[in-house]
Structures are given as C-alpha cells and as structure tokens.
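Protein chains: 4
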Amino acid sequence: MENKFAIIGGDNRLVNLAKMLLEDGFEITTFALEKVPELQKFACSSLEETVAKSDIIVSSIPLSKDGTFVNAPLSNVKLSLEELHQKAKGKKMMAGKIPETIKQDETMEVYDFLEIEEYAILNAIATAEGAIQIAMEEYPKTLSGSNILVMGFGRIGKVLSKMLQGMGAKVFCEARKNEDLAYIQAYGYTPIHLKNLDENLGNFDIIFNNIPVLILDKKRLDLVKKEALIVDLASNPGGTDFEYAKQKEIKTIWALALPGKCAPISAAEYVRDTIYSIIERN
Amino acid sequence: MENKFAIIGGDNRLVNLAKMLLEDGFEITTFALEKVPELQKFACSSLEETVAKSDIIVSSIPLSKDGTFVNAPLSNVKLSLEELHQKAKGKKMMAGKIPETIKQDETMEVYDFLEIEEYAILNAIATAEGAIQIAMEEYPKTLSGSNILVMGFGRIGKVLSKMLQGMGAKVFCEARKNEDLAYIQAYGYTPIHLKNLDENLGNFDIIFNNIPVLILDKKRLDLVKKEALIVDLASNPGGTDFEYAKQKEIKTIWALALPGKCAPISAAEYVRDTIYSIIERN
Amino acid sequence: MENKFAIIGGDNRLVNLAKMLLEDGFEITTFALEKVPELQKFACSSLEETVAKSDIIVSSIPLSKDGTFVNAPLSNVKLSLEELHQKAKGKKMMAGKIPETIKQDETMEVYDFLEIEEYAILNAIATAEGAIQIAMEEYPKTLSGSNILVMGFGRIGKVLSKMLQGMGAKVFCEARKNEDLAYIQAYGYTPIHLKNLDENLGNFDIIFNNIPVLILDKKRLDLVKKEALIVDLASNPGGTDFEYAKQKEIKTIWALALPGKCAPISAAEYVRDTIYSIIERN
Amino acid sequence: MENKFAIIGGDNRLVNLAKMLLEDGFEITTFALEKVPELQKFACSSLEETVAKSDIIVSSIPLSKDGTFVNAPLSNVKLSLEELHQKAKGKKMMAGKIPETIKQDETMEVYDFLEIEEYAILNAIATAEGAIQIAMEEYPKTLSGSNILVMGFGRIGKVLSKMLQGMGAKVFCEARKNEDLAYIQAYGYTPIHLKNLDENLGNFDIIFNNIPVLILDKKRLDLVKKEALIVDLASNPGGTDFEYAKQKEIKTIWALALPGKCAPISAAEYVRDTIYSIIERN
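Protein chains in written order, with our numbering: chain H, 1 to 282; chain L, 1 to 282; chain B, 1 to 282; chain Y, 1 to 282.
Excised from the complex, chain H in its bound form (with noise of 0.2 Å):
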C-alpha cells in the first residue's frame, strides 16, 4: 500500500484537498465528510474501514475545536479524538494542533502541519492577503498613499508588510530585536523600535497587529486617531482591548482564520504542497 489518503472530518478545505488528491492520481477514502456530495463515492461506512483502506491519515486543522472531538463540521458524526487515537495505531497521520497523547505515540508517524515552518510560511501568504482585503473592505480611503503599520515582523509581518509596500502605502513596521529592525530597513520599510511606539502612534491611518499579547491596550489605543483602522491578526485573546476601541469608536477587526475564508483553494493546496514534501522527504 502506497500513499493511500483516509480523509477524516475537516471543512471545505480538506474537500478540496480530497479532489486535489483524485485530480493528481492518489486513491481516498474518506469518512465523516458525508455532507458533501462529490465525496460520497470515496465515503467509508466505518472508520475501520477507511483506516484499513489507507496508509496516510489526513484530518481537520484544528484536529479538535473542543478537545474532545474532531472538528467535522461537514459531518453529523460524533467522532472522539480517542477513537481517532486507537483506531490510527501504526498510521501516519497528518492534520493540525495534534494532542501530545498522539503525537507521542510512537506506532504512529504524527505531522501537525502547525508546527511545518513551510505550511505556516505558504498560510502567511493567504492571511497577509485576506488582511488586506479585509482593511480595503474596511477602510474608506485608498491603501496606496496611506500611513500603514505592521506590528510584529514574524511570517506575516514579512509578507504582508512587502504587499502593502506593493500597493504603494507607507509601510513602517514595529519590532524589538535589532535583526528584524535591520531587515526591515534593508527591505525599505521604515523600522519602529517597540520604544518608540507610542510617538508614532498617532500617524498611522491602518494598523495590522500580529503580536499575540494585548499590545494596543487602552494607553495605546488613546493615541491612535479615531478614523484609524485596526486590524488584529492574532490569535485568540488577540492584541487589542476589542473593548475599549469600540467604547472610543476605532474601528477594529478581529480577523482570524483568514486563509480558508479568503484564499479557500490556495489553502488546500499549502495543505496539499506540505504533504508531498513531507512523503518526499520520506
């Protein structure tokens, strides 16, 4: 058996991850996805049978919203993440936010694409995008010629600072570790040291935050103009007081899980890319 893919619960990303698979030539099964139509032929009435007809295991990202059981939105099965364990003994088994109880399991081969540096960067690329869609839908002036920062210069401080740079906005980037305020001036960014934050703050007309601390808290966001934008990108509790800026009527969003709402082909296919490299690898 040879890279035979059981596709397990999971949205409409991992259903198009399914028809990337057939398009490119890879036998599936597929179980807990009943709800969508053109998967019901490859649908396995057992998850026995699907993990028996298989040597990959693929499943949702996050494998579990609730601990307990697996995220199968497109699905009325009620499959525990235990079940999942106990039937996956000796299978590789691919899909994100793995629980440690799996992925030290040592029958199975476990990749938590959250953890794949590649899959992270090609995610980047979508949510730098769906952040910008989002700030066009948002904001009432053009991007190009705008005051723009970027907080946080990780994967999609990269490149979402280069295509608001792209776009023809003023692009000024908050760090702290000197590295990262080098590149940022080797990339023609203007660099704000964490220090000096609070007397540039005033100028920015769109804020993107990546920091995953409550950055923008209420002294900060006292100094952001009222018709800036806010658009938090961090993950949950995320980097602004949502409160406060709306009590001060700054326009804030709190965007999260952009690739899959705005780029939904784009993020099968990092899914689709990352599992290749990982069978070549192999």
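Don't read these hints as lab results, they were simulated from the structure. There may be inaccurate statements among the hints.
Which copy is meant is left open, so a pair is good if it fits within one copy or across any two.
[As the list claims (entries may be wrong)] Derived DSSO-like pairs: lysine-lysine, alpha-carbon spacing no greater than 27 Å straight-line:
1. LYS87 with LYS261
2. LYS97 with LYS78
3. LYS19 with LYS65
4. LYS226 with LYS35
5. LYS35 with LYS170
6. LYS195 with LYS170
7. LYS4 with LYS170
8. LYS92 with LYS177
9. LYS251 with LYS261
10. LYS225 with LYS170
11. LYS261 with LYS246
12. LYS195 with LYS103
13. LYS35 with LYS4
14. LYS170 with LYS251
15. LYS41 with LYS226
16. LYS92 with LYS53
Here the structure is a predicted model, which is why all the values come from computation and not from measurement.
Knowing the structure of chain H, use the given hints to seat chains L, B and Y on it.
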C-alpha cells in the same frame, strides 16, 4: 467674493467634499442635498440664493444620469439641467460629464472633472484598488502567484499592473501600441500583443479588462479557463459578452464607479485636490 | 528582394546588430565597418554594391556627428551624408537623427530611430540602469535608504524612479504638470512640484536630472548638500552649471549615451526589435 | 569614564567610524592609524595610553588577517594580537573575527561584529548593492528582463533578490529548505530546489552565488550558458571552480568585502549603529 462654493446635488462624494472644504476654511452653501443632516445649516432654500452666494458651483459627477435632470440622489428636488444652466450663467462651474451646451456658454468658466487628466489619474488609483478588492473577494486563490492579465494599458491599466505586481502576481499586459508594449517590458510585466492574445488567453487565472469595446467576445471566452475570474472595468457597454460568459459559467464581475464605492473619502479628496489645482492655476 | 540589410558605418551597436540579423537568418552586407574582422566576409568594396544588394539600409545612431560625414568610427572611409543620400535613393533607410533633406526625399522610406517612441522607451531602460550603475560607483553610501530626487518624469524618469524604488531608495520626483504629479503619487513616489523644489533640495543625497535646460543653476546648487551626488542625464548642454558645481566641490557626473556604454548588447537588441516592428507594420 | 573610544588599527571604514563618533560628540583616541592626517590630533603615542584613556576598544574587521598581527593597513606599527590582548584586559572590546582566546577572557567584555545578526543584515544591504554594481559593470545587457539566479537564501540572498526584482529582473532563487522555498514563493521569486538546479542552470543570464561550498563545480559549469556572468559572493574558497570557469570562458567575478569597497560610508555607519545598539543594551 473669493472661492465661495455652491455644492449642488451629488452623492456621498460631494457630501465628503463639502466637509473637506469646510475644514479647509472655505465658505459653502448647498442645494439639493437636503437629506444630509450635517449639511442642513449650509442649505439654501432656492437655487438662486445658492448661486448668488457663491462664485464656484460644484455639482455631481456625472452631472446628470438621464440627460435632463441634475443627478441628486440625496435630495427630493427635481432640478433640470436647463434651469441650473440658466441660473449659473456668469459663474465658474465644475462637475462631471457636462453637456456641450453648458460647456460652450461663453459667459461661464466650465471645468469638466472627467476631462482633467490629473483627476483621471487620481481616480485610477482608487479604481485599481477597488478592482483588486473585488478580485480578492471573488477569486478563491491568492493573487500572489496567480497569472493575471490586464487588458488595456491606459491610466487604470498602468496603476493596476503595478499594484498586482506588488502583491506578488505574475502580471501580463495586453496592448496594441509598440510604445505601450515597450513600457510594459520596462516595468517588468510580460507584454502580450493583441494579435497574440488568443493563444495566451487559456493561461490566465484572472483577467481585468479596461478596453471599452467588446474584446472578450464569444470566440475569446471559449479560450478562457473555466475557473478564471473576469473583472470588467470598461464603462457601458463593457468589454465582455456577459451573457455568454454567464452561459459558460465563467465568473464575471462588471465593476463600475469603484472610487466612490471602495474609497469614498479618497474619491472626495481627488475632487478637492482637482478643484484646488484649478483655482491655483487661475 | 526581401529584407536584405546594408549596414553602413556605425559603432559597436551596429556590429552587434549585424550579428543578430545574421543569427536570425537575414542576409546582410556591410560598408564602412572594415575594422571589424568578424564582418569581413560581408563587406562590399563600394557603397553602390552594398546598396544594390540590399533593400533596407541601416546606418549609425546618430547618422552623423559633424553634419557632413557619416558616423563610422570602425572605418577609415570618409563617407559624406550627401553621397549616402544620392546612392540610397529609392531605398528604405533607418538611422538616428537623419537630416531633413533625406527624410523629405519622396523616393525613399526613411525611419529615424530617435523619433520612434518604442525605441526611446527601450533605450530608457538601459539609460536608467546605466545611471544607477554610475550612482553606485560614485556615491559612498548605499542607494537603499538614500533620499533620491529624479527631476523630469519623462521616459527615463519613469523607469529610473521605478528601479530606484525597487533598490530600496526613498524616491522623490520633480515635475510640473499636475498629471505627472498624480502619476508620481500613484506609483508611490513623493511628488515635488517644481515650485517647491528649492525648499526641498537640501534633503537629497543623489539627484538625477533629465531636464534639458539649466535647472541646477548657481542658485539651486547653493541649496544642494555638499556630499550630494548629481548625475545629469540631459543631453547637451546638460541641466547643471557644471563649472559652479565643480567650484562648490559637489560631485557631478554628466552621463550621456549610456545604453551603448553600459548595456551594448541590449542597445543593439533595441535597434533590432525596432527594425522588426517597422518591417512587420509594413 | 563613559563611552570613550580607542580606535586601534583598521582601514578606511574605521577612519570613517572615528569621524562619525566625533560628530556624535564622543571622545576618541587612536592608535596604529598614523597615516591618516585628519586623525593626527587624536593619536596616542603608545597602546597603553590609548587604552588607558578609553573604555571601549574598537579594532579592525577582521581583527587580524594573518592570525598574529592586528590588521592595520593605515599604520607602520606592527601590533601583535597577543600584545593588544594583554593591554586590553579589563576593557570592552569590539572587532571582527576575534580569536577565541580573547573572547574567553573573563576580565573583558568582547563583542565580535561578525557574530552580531544586526550587523550582518546591514552589511547584506551593502553587499547586495555591490553585487548588483558588479553585474551591471560586467554584463553587457540590462538586468531588467534578464533571468537571474540567486543561490543561497540567507541574508544576502534575501536582500539581493528583492533588489534584483525591483530592477525588473526575473528572479529565481535556489534553496534546499522547504521553508526557504515557501518564502521565495511568498516574495514572488521563482523557487528552484537544489535537486532541480541542474536542469534549470542553462536558462540563467546571471548567477549570484552565496553558498560557501563548491556548488558550481565542473559538472554544473558545463550546464551554464557560455554568455552567462557568475558573481560569486561566497567567502574563501568561494563556491565556483574558478579555474574551470576560466577555461570555459565563462566570465566569473569573485567579489569579497563589498561593503567597504562599494559603500564605505554606509559600511562605517553599520559599525557605528551596531556599537550604539550594544551600548544601549548595556
């Protein structure tokens, strides 16, 4: 009397313009904008009064949609072009798509925004951003890495190509004139001569059209990828056989008047800046 | 007879052109290029013979430097414009800066490269790169991060600004026309209206001039930083008071004919491509 | 005593640094720089005196070229590393490529510029520009429109790729790690995995190498275009079989120490900025 403005009719763009003129210290009166509460105190009860109190009349872009009445969506007043013309005699007047009879009135100094190159270029920025926003909303992949065709290398084509390249797309530009093709090469896009268009059409993920003739006809639509997105920016009647595209299930968006929709404040700023340029020249 | 070329006089650019035409399968003869060993076997002993064997005469850019003789630095032949004209009657002729007497000869079909927009734009690419090379060689800091002024937003100004921005420079463009200033803004450079030039001149590290009048006169040079570099690309007499700049010890390079010097093969390709465009149009 | 600098040995870069420190109001003394007239009045007659009057010793990058004596091309003094070490005990010292014996001296606070990421990134800007300057000087076509390969996606590769793209080149980046390939895609370059390098090598007009192992060996050089230009930026022994390249008449430039050569003032500013960062952190 020096640079007192009468704002007559028009949409949100003229409302924003009115506020900007006030902010810059100019005196204004308004007419046919009575649905806008913030402008109430500048409203005149008659056209005569408005005109009498001003030396520059600014009206809608376009001045009329039906050729008979002034375009005044924020008013219940039915003001005929003829009446406006009679009352405005002897004044400076600025609006969009002004009829020849008014333009040729030698008692007046008439400026048509749509014939002012500066205004057209500024609008191209907002149009290009609006077009990109639509593509992001409608296309299920990222622009980054996509093969994108821009047809027509006029003002919008130039700015749009630059932004798409800045977003990481692979940009192809269709043109007919050798000088345009030379610029396209100079700017780092791939030039496609109109005569070679057909053989390349199947490669594009997204097609933006700025050419105001039926260029994407049935024969060419047959060559376009089924998954492609067409964003047609050409004014009435557009450059696409929309019926046939629909029949072929090629997603097609006919996008007009983007600056006012996607960047209303910028759109008003362009009007303001153009007005100031005219004033300064005189 | 169909597209047989007579290459008459000219410098390295025409030598490279000759080789390219041969590679593309065309027949050529040469005259007044006898110092080029590789072209020996295509040489004709007389102008008559060269002309008789060809239907398109390609000669030097510019055709003459002194107004009397054909520009032929790779030859000992002294060929007068008058003689060339008499012998070329009835033929197609392509060269640069062709005198009116030849252009108006109705027995001939005459194309002046320097009047063909396509050629001028392609040359602007090589000129812009050459200008950047000179700036890199002469300026002791990186272009990245420097404040650079481009004066004149014609063909060279447009391409040069784009490249400088791409290198990470902060690009300011001087222009007079509102439409140029609008494009400058659209492309993400900082527009400087000529009337505001003086108050900004002290900020620039490097100044590129494309304006063919004395714009950097004594008064303005007094405003330029002592450490600044001026690269003047304007044809004779240039746009800088070179004497005064020298006196003030402001490093100034007057850079002409860059395509042939900095990118001789590209320069020949531009001639070739322009020739092919002319042929194709006919 | 607070931030008094002893500048000991070094080349033009340290001379420029000395001037910048003076401009910023710092006190300096110098030693082993006696050939520089402008620094005469800061010169000390003995190393002891220089050290005694300072709290931070700044020396050459690299500190030594032969492993025995301090690199001091602007001096006749033969100062051994050993002597400098003995005299500098108890002080802060900053230089490049400092021997382990000094680094591990616990009485001292030692900073090696070449191990400071910020410094390395800033230097990458000047190196990238220098590499582009060389390519412009040596390659007979424009970079714009050329197919250019950048091998190695470290600091220099990243900055160089961005600049080349900004110049209008078609940029291909070779890398091995999937995360690098993902970034390459995100930035809009064409990724080339090392394993696919050979089949693509024949397409490139210019090849920049940053990989410090023999990657362009005989076998690969056989695949390179004869007209191609190779610019090897890898430190000794370089990444190209230079002998074989010469034999094959492939033009190859081995370009080292570019910041000091191509942008001496910027190179000194990078040293200065790095020193200030170190001081500020303490």
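Q | Homomeric proximity label, LYS35 with LYS4: Cα distance no greater than 27 Å | A | within (22 Å within a copy, 65 Å between copies)
Q.
Checking an output row: LYS261 and LYS246, CA cutoff 27 Å. Within, between, both or neither?
A. Close inside one copy (24 Å) and across copies (24 Å); limit 27 Å.
(Q) Within a copy, between copies, both or neither: which one fits LYS195 and LYS170 at a CA-CA cutoff of 27 Å? (A) Classified as both; 20 Å inside a copy, 24 Å across copies.
Q: First find the shortest C-alpha distance between LYS195 and LYS103 inside one copy, then the shortest across copies, and answer within, between, both or neither for a cut-off of 27 Å.
A: Classified as neither: same-chain Cα gap 40 Å, cross-chain 31 Å, threshold 27 Å.
Q | Alpha-carbon proximity between LYS92 and LYS53, which holds within one copy, between copies, both or neither at 27 Å | A | Within one copy, since 13 Å is at most 27 Å while 67 Å is not.
(Q) Reference check for the pair LYS35 and LYS170, CA-CA at most 27 Å: within, between, both, or neither? (A) Classified as neither: same-chain Cα gap 46 Å, cross-chain 37 Å, threshold 27 Å.
Q: Using 27 Å as the alpha carbon limit, work out where LYS41 and LYS226 are close: within a copy, between copies, both or neither.
A: Answer is between; shortest inter-copy Cα gap is 25 Å, intra-copy 55 Å.
(Q) If the cut is 27 Å between Cα atoms, do LYS170 and LYS251 qualify within a copy, between copies, both or neither? (A) within (20 Å within a copy, 31 Å between copies)
Q.
If the cut is 27 Å between Cα atoms, do LYS19 and LYS65 qualify within a copy, between copies, both or neither?
A. Classified as within: same-chain Cα gap 24 Å, cross-chain 48 Å, threshold 27 Å.
Q.
Within, between, both or neither: how does the pair LYS226, LYS35 come out at a Cα-Cα threshold of 27 Å?
A. between (45 Å within a copy, 25 Å between copies)
Q. How would you classify LYS251 and LYS261 at a CA-CA limit of 27 Å: within, between, both, or neither?
A. Intra 21 Å, inter 18 Å, cutoff 27 Å: intra and inter.
Q. Is it within, between, both, or neither for LYS4 and LYS170, if the alpha carbons may be no more than 27 Å apart?
A. neither (49 Å within a copy, 34 Å between copies)
In summary, the numbered hints that this structure violates are 1, 5, 7 and 12.
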